[in-house]
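Got chain A sorted already, so can you dock chain B onto it with the hints?
For the protein sequence lines, the chains are A and B, in the order given. Each number in the numbering used here corresponds to the 1-based position in the first sequence with 21 added. Each number in the numbering used here corresponds to the 1-based position in the second sequence with 138 added.
Just so you know, these hints were derived from the structure itself, not from any lab. Some hints here could point you the wrong way.
Unchecked claim - Among chain A residues calculated to face chain B with C-beta under 7 Å, some are:
hint, residue
1, Gly82
2, Ser103
3, Val125
4, Lys132
5, Ala320
6, Leu328
7, Ile339
8, Leu340
9, Ala341
10, Tyr342
Ideal placement from N, C-alpha and C gives every residue a C-beta, glycine not left out.
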Amino acid sequence: MSELASWLDLPLIWGAVLALAIFLYVLLDGFDLGVGILFPFAPSEQCRDRMMNSVAPFWDGNETWLVLGGGGLFAAFPLAYSIVLPALYLPFILMLIGLIFRGVAFEFRFKAGMKRWVWDAAFHFGSMLATFMQGLILGNFVQGFTVIDGQYAGGPLDWANGFAVFSGIGLIFAYGLLGAGWTIMKTDEITQKWARIAGKYCLIFVVLFMALISIIMPLMDDRIADLWFSSPNFWYLLPIPLISLFAVLQIIRHLHNKDSHSRVFIYAILLFVTGYAGLAVGVYPWIVPFELTLWQAAAADSSLMLLLVGTVIFLPIILAYTAFSFFTFRGKTSHESLY
Amino acid sequence: MMDNISFDPLILARIQFGFTIAFHIIFPAFTIGLASFLAVLEGLWLKTDNPVYKRIYRFWVKVFAVAFGLGVVSGVVMSYQFGTNWSLFSTQTGNILGPLLGYEVLTAFFLEASFLGIMLFGWGRVSKNMHFAATVIVAVGTLISAFWILSANSWMQTPAGFSRDAAGVFFPKDWWAIIFNPSFPYRLIHMVTAAFLTTAFAVGAVGAWYILKNRHLAEAKIMLGMALLMALFVAPAQLIIGDLHGLNTLEHQPIKVAAMEGIWETEQGAGFRVVAWPNQAEQRNDFELNIPYASSLILTHSLDGEVKGLNHWPVEEHPPVATVFWSFRVMLAIGFAMIFTGLVAAWRYWRDHLYRSDWFMRWCVLMGPSGFVAIIAGWFVTEIGRQPYTVFGHLRTADSLSPVIGAQVALSLAIFIVVYTALFGAGTYYIFRIFKKGPTDQSDPDYYQHSRQQAGKALNNDGDQQ
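Looking at chain B on its own, in the form it has when it is part of the complex:
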């Protein structure tokens, strides 16, 4: 693979898509979780009237604004990249993927974008309940968006409900089968759960950091407490969901599972390769460390069950094994670290020193970015594991590329790398500045001050109704 990297538009276009989508996915993953977190906080505030919840809300909503902005601008790129770089893919799959993406725009994007304005700037302009409604609507919008985009993505993994004409164009036959294609429910739940966990660990890390610094303790304990509750219950649930998703993949894309497991030859009683060095050229592992029978046990639920190896399929069907194999291990390791965090938290809660400022707080800070890494690793597993196809089993990546784009791909890739790196740096910097400043009242100027009379009137009216 490494020797033909030069200016091959196919490789460059793939790198570009991988880069722009990996950059993009960070932000929706974060905002899916944050939006729901904010909705819960505002709900708690309205219910209890405890100003701590409001302070936490006003604090995280600033982070939300930055993350959402970066998600929007990097997302618009995606909707045009299908056309610029993958025009043959677009021609062939437009009938199927077009409506799914169209529904995402119609049912989610507008909803999020419009109510985000009210969520960020409507404070004081609309009633408390309306503001809460805006937050909930944004949160629901992020979930609807996940629904459609993961349906489209899953269809590319496990295509169903279609026919193809002589020119290879996909035609819809059964929309229900297309939308609820075999891998979709698993992928959706796995991804949304991942988004919640990612946000929980990011929020928890900020709380733990404040505890270490002995600042904003009231807010910090709520942030960390909620995060650890998620770690305790949702992280183990994610393990089960992930396992079910894996079994679904085994059924529909067994070659991807073979790559994840690093198994080349079909085996009975296959071991789980904890570490291995897959050699793509010679179709074997140069080195491996096994837990005997573990793979068969996980995948077939029997010690001597058969696991198909990569060489069961011709070489030209093989995905890049090493990347898939290692990404999968990174994701798994983080998953277990998350479960460990939850268990330790439960132990400490029982011993009544959950929030003691010690190694565990530092551990929680360290775990802050773990969810993002796990999500990107997970995407590597599922997307690179789908290679050499864009639509698994039907449309090859090599047959999806736009003709005559040549050096433009290299140029635009360079532009994206420079721009995204700069913006990611700036965004991260500003988010850390918000963290540094912390959730305080006095630093918050009143939002939207103008037309006080009108806004005041609107508020009074709402007050009368209640």
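Chain A on its own, in the form it takes in the complex:
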């Protein structure tokens, strides 16, 4: 096993696995959280029931990708884990609190009689808080942290900066778009009609935020500007904005096409793929930007190898039964109580 370990570039592989896990989290919980974000704006109580039912069987599995993200970072890059988490202490705690309220709302809402509005609020504000904090965390991550001797050495409120807040708000609209796409796919009649309108508003803001971030990021840091605009890179990266543009146009088209049910969701996913790819290319090879590379922060080879074996075996199985779960609950959702 150790011979194989020296032959494989384990930190790089783990960087990729972790990037995939976080991306799957963003997509899967993204639409759950998006449904929570759009929730109070739905036209009727029945619509809200349908929306909640459409994600009820999945939210738990979706959130597990976040545990894999956190656990994976701890396991594969313990040095990065122990810098990023203290640096973003309160954003992480508040994200978790948001997820707690969002999660229990599923269990409590249908059991509550008169007090249902409490859990409606918990679902919405929990989703908003968790999403905003995730965007904030991302916004801080790309800017890097103050590190001395391998430990975070900045202040407790360093994370409260304009760019990070901006990215938090942007993510709310982005998840909202995913949630709208999901709702269009999983519902019909007035719920779907409303979701198309909600999707349109979200899309406008998503495009705005993506454009602004693409302008701000290279201005903020020369290293990113170099990376994006130096000669070969520029041409490699060019497909990213082009595919994004294509995805946006397709979303607009399918938002207006009444016979199209799943395409908005699919193209919203494509938009996330390109955005994420752009980000990943921008951050590589850092795991804590400008401080630690993947190789500097990696755990011992033996640890990475052991977990890689487990990942190679179990990840395909997980993906298979996740697909089975989505297949089981395919089709449109009703508004009857599930619990």
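The following block gives chain B in isolation, referenced to the frame of chain A:
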């Protein structure tokens, strides 16, 4: 200890970890037992076609959903708290604990989460056998999860199979030794048995309550009967398992046993302190009531065997004795109360009045939450008994804390206390509402009604195959 409580981040971080994990442990402990109970019920239903089992299943699965949800959301917190509050611990132990926790996510969490969806909402969408399979998979998932997390926890108690570099970072040398470290088998069996007993007493209490109220008698007798069967056979088994676990602790963490026993000076023929008031500052008991020779007899299996006292080790190695001592007694007392319950049940069964509505039913209701208390007490014993170390004998708690977190710990602790208290209140309230409503058919709307045709088709296909 009490005088430096102020805003010491170390104390606050410890309180926070203790609080969030004690809150969390309640739910997995309950769901480990409930999942297996549900699997048994659904199996019995499929085998006998008796609708009573189905009603009990549909009743407890609602409780399961609430408990599982609370377990998930409070569990996600744990996987991030290592980083926020204990970053030095994470840096040093990541190579070892990271893969263990990673395997828990890969082999258990996804399994539970995905099949839980089918278990809760798949009724009518998948075949009966597939639904049963989902329940069994969830039950197995909870046990796999217990396997990994207790392996990680046990490694912190009895670390093995590692080396350390100059900076103190732990490196794995022998994964087999790490995973199956010396205390792991005992802890795993002790904990899983505790989870089963906890669930049994909770389920039994609900059954006893219905018998007292003269409601849902068919269901109530099955609930209580199964619970009392567990009490009769598993509670005494737990005593033996606990004893073996204690002897294992004596071998690897003798100072923890000294704290559990409240013994300060090394003694031959040590007595068992039934009650005592340990005085940490003066390293003695202010007061104690002894059963002569009992401690030596239990621990060394000989009347005049030697039991090492706390003062055999330097003061800075001492855990907080009073908490460990009293938690241990709470756990023991509950254990004996459980055994007593089983014995009385056997007697009543023999006299043919097991389910008579009388004091014993009230006793069973009273015993309902006992398992939860015992589990938390047991965790206090083992975790506080490990202090002042996070990795016993190697990494001190004081050297595990994140730097520069200061007042953030206080703030987040306050948030957790408020939020958890509110949610625990709400969760308990809804669970009691389910109890109040009881296992009935008519109150259950059909699960997932949409796409009836597709679901119907799927069912027919499965029917053809059988």
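Starting from the hint list further up, note which numbers the structure goes against and sort them upward. 8 and 9
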